[in-house]
Amino acid sequence: MKLDAKIPSGPISEKWTKYRSTVRLVSPANKRKLDIIVVGTGLAGASAAASLAELGYKVKAFCFQDSPRRAHSIAAQGGINAAKNYQNDGDSTYRLFYDTVKGGDYRAREANVYRLAEVSASIIDQCVAQGVPFARDYGGLLDNRSFGGTQVSRTFYARGQTGQQLLLGAYSALNRQIEKGQVQMFSRHEMVEVVVVDGKARGIIARNLVTGELERHGAHAVVIASGGYGNVFYLSTNAMGSNVTAAWKAHKKGAFFGNPCFTQIHPTCLPQSGEYQSKLTLMSESLRNDGRIWVPKNKVDAEAIRTGTKVAADLTEEARDYFLERRYPAFGNLVPRDVASRAAKEMCDAGHGVNPTGLAVFLDFRDAINRLGKDVISARYGNLFEMYEKITGDDPYSTPMKIYPAVHYTMGGLWVDYNLMTTVPGLYAIGEANFSDHGANRLGASALMQGLADGYFVLPYTIGDYLADEIRTTAIDTKHAAFEQAEKDVAERYKLFTSINGKQSPESFHRRLGKIMWEYCGMARNAEGLTKAIGLIQDLRKEFWSDVRVSGDINAFNPELDKAMRVADFIELGELMVRDALTRKESCGGHFREESQTEEGEAMRDDENYAFVSAWEFAGVDAEPVLHKENLEFEVVKLTQRSYK
Amino acid sequence: MSKENLNLTLKVWRQKGKKDKGGFETYKLKGVSTHASFLEMMDILNEELITTGKDPVAFDHDCREGICGMCSMYINGRAHGPQRGTTTCQLHMRHFEDGETITIEPWRATPFPVIKDLVVDRSAFDKIQQAGGYVSVNTGNAPDGNAVPIPKADADEAFNAAACIGCGACVAACKNASAMLFVSAKVSQFALLPQGQPERKERVGKMVAKMDELGFGNCTNTGACEAECPKGISISNIARMNREYLGAVLAPGN
Ligand SMILES: Cc1cc2nc3c(=O)[nH]c(=O)nc-3n(C[C@H](O)[C@H](O)[C@H](O)COP(=O)(O)OP(=O)(O)OC[C@H]3O[C@@H](n4cnc5c(N)ncnc54)[C@H](O)[C@@H]3O)c2cc1C
Ligand code: FES
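Protein chains in written order, with this note's numbering: chain A, 973 to 1617; chain B, 9 to 262.
Everything labelled a hint here was simulated from the structure, so no lab data went into it.
The beta carbon of each residue, even a glycine, is placed where N, CA and C say it ideally should be.
Check before you lean on any hint, since a few could be wrong.
As the list claims (entries may be wrong) - If you only want the chain B side, here are some residues facing chain A, beta carbon under 8 angstroms, derived:
#1 F32
#2 D51
#3 M78
#4 A150
#5 F167
#6 F198
#7 L201
Said to hold, decoys possible - Mimicking DSSO-like on lysine-lysine, the simulated pairs with C-alpha atoms at most 30 angstroms apart in a straight line are:
#8 B/K24 x A/K1467
#9 A/K1224 x A/K1460
#10 B/K160 x A/K1487
#11 B/K62 x B/K27
#12 A/K1362 x B/K11
#13 A/K1475 x B/K36
#14 A/K1003 x B/K135
#15 B/K62 x A/K1475
#16 A/K1362 x B/K36
#17 A/K1030 x B/K214
#18 A/K1271 x B/K11
#19 B/K38 x A/K1475
#20 B/K239 x A/K1475
#21 A/K1467 x B/K209
#22 B/K214 x A/K1460
#23 B/K27 x A/K1487
#24 A/K1346 x B/K160
#25 B/K135 x A/K1152
#26 A/K1152 x B/K209
#27 B/K19 x A/K1362
#28 A/K1225 x A/K1504
#29 A/K1362 x B/K239
#30 A/K1030 x B/K135
#31 B/K27 x A/K1467
#32 A/K978 x A/K1224
Claimed, not checked - Beta-carbon label-pair distances, calculated as ranges:
#33 B/P121 x A/E986: 42 to 50 angstroms
#34 A/G1365 x B/P121: 48 to 56 angstroms
#35 B/S144 x A/T1446: 28 to 36 angstroms
Use the sequences and the hints to build the structure in full.
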């Protein structure tokens, strides 16, 4: 199969406008007869479900939480980018486009990114109209901040709860459509299979998480908006329930998986404190504006700090290594996420780590407090300092924070064309669940933008192009043999889980998978480690299927059973990620191959051989997946190596 | 220095389903790190239950960062436990004593029936929002974001109300199982913003009617909701909603 990204012709700045005004439409009378399933109610899913319903389609939306308002998007803190240029500081659609392509280390599709930048401004208008209480200045106008080292202030925010406020906005739009009867909402439902009839996505099988019942839902198109898969590492900043199941089932039904190994590791997270740790907490990136990152120069001092015989304050200036400032004098503590993360790991691996596990570096506000005063620091970061103290019991005003990188976001996801359609006709993927816009590294505050762009402004147009051919298809018959078979397969899988009767919990397998992924497919990767990881994951999979213990009933509320399904899928995904990382022998963005670095240890891209998207086709659990390549053509942006020296 | 590891006795509410009567079960846990979060302590308990062939305790949780509103435990007689301004997931074990007995129950309120153990059905909250918790604006219709300036004080006040995470602690803490704090937070957010004005009267009427219909109790101003709210949503929102409501029912044409 040849991959066709279906990028419209013409100059980049005209592609979307032209597409929008020429794309086929579905008449209101026909929209009423067409059903769309949206799996997920995060920013992407909720905005899509609401907008599609407003257009007149009949929508069914699904989420596994008890309410659509609780999707993982709620946890986003920092903000959302948009090329409004309200600050008159030289921002533009082009600049946001350019920054995103460059930030993604030239592994994203230009046309998609340009469209994203183009619609970004409308997102802010839409959210304001919904009553989203963005931060404002004293003149009553919208406030902006600069985020993640960009040179313009284009980030809109609502205190430290931007994701929450944006999601509640989308949730309110969704609620309005639920009230009107245009959206049927299925909370506490988990999609566990895609149903494909004659090559087209025609519905899903969902488990009612309260009763355990399997339900069939038919539709003329299915949209996957199920978020990212960072939890394959077990420990990440993602919510506990975030999982890959919906995307993975789609993959197994024919949707190619794009760039699965592209993972973002965020440098400022709270380190792990013990084996019982269930998740890692993100501390906002903004802390790096005033905090200085360091470790003890001397390993003996580091050891003393780890065992508690010394504290940070005991170390003189000479005894400290401000390693980012030393290695990257131009950017210092503000180097991009991947660079900062890798440097911290290297220092800890070399024995300079500062907490009992040896996996933490200091983020120190002493100098900033001396320079600006405690009040200024408190005004800037008060709530973060409070949160830090709540979790760790330490007071960051008097002792440096301890931080360590953690998995945060997955750039990879289901491969989609310009229409956001996967390789299965009628099956779409939006938000973090698709691979499309961030290349090998995502810029801060751009995930929220992408989720809402996809849901409010892109999919509602592009889906019409497909549905225009479906107006003669009557309501999907869920008695069709394909539904029958899909439901049977799912039921058998559940039965298998409960019949193994082994000794280990799904959770314990998840932890072990996470350790393998982190060790071999985390911040730095090499051929030897990756090859080893494939074997380890395959062994883990076999052990899982012979020794997992899932208690409780199938036909009842049973979180252990749900967890087992998710872990089984994560294990399969893990293997694909490792294979993808092994195949990509260059370093780019969040993907650092030790074999591909400069003499100074910096990442080295290989545009000649790797300027493509890896799109993997599923070939069976025990078979090697098939790699397809979408070659990336850069017509506008010139490729250069990143340098932060 | 206090002990790094705690031995605990847990009295946990176990209930198979909506119709089951339910009751407390007692468990002993040894050596729980004071650095663990409350939910990690529950994970440890569940891991022990699973490996000894018992049914783990069901509880709701997701973000574990105090923002999704999913976690919902009634700990030692208080919604979200002893620490003010803190959700269950953000509560850490260093706030408990070695040898302590901890009682853990679900939210108890008629409109929140128990699904299993500590998990309750809060879909009533969604229904109230569906009744009117929105501004009717279709995608694509919006004017420029800066077309209408909003005084910073109003925007900040609206934000404070909008910070509600919909966890239901207010209802659980209230002896009348009133949802006034929750509903008033949304009503206030929109009442304070220009975008909320066109539907202002209709909104409060519909949301209050839905709240009553779903069986939430009346507010008798005990203030328990505000005291237990992990996000510090102010009880002044209730006063505002009462004014809004009166304004709406007394308005001409009503
Ligand atoms: C701590 C943190 C902070 C962040 N801060 C920022 C920030 O400041 N700015 C920024 O731009 N980005 C940020 N991000 C990234 C951003 O929040 C996410 O990428 C984005 O919100 C994802 O949105 P989504 O709609 O794609 O998916 P999600 O919000 O993850 O929603 C997924 C939905 O799918 C549902 N679902 C999943 N699987 C199934 C299934 N099988 N069946 C049924 N339903 C299912 C879930 O119930 C949920 O409704 C942050 C991320 C984290 C972890
Ligand atoms: S789990 Fe999200 S608020 Fe506690």
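Problem set entry | Hint numbers contradicted by this structure | 1, 10, 20, 21, 22, 23, 33 and 34
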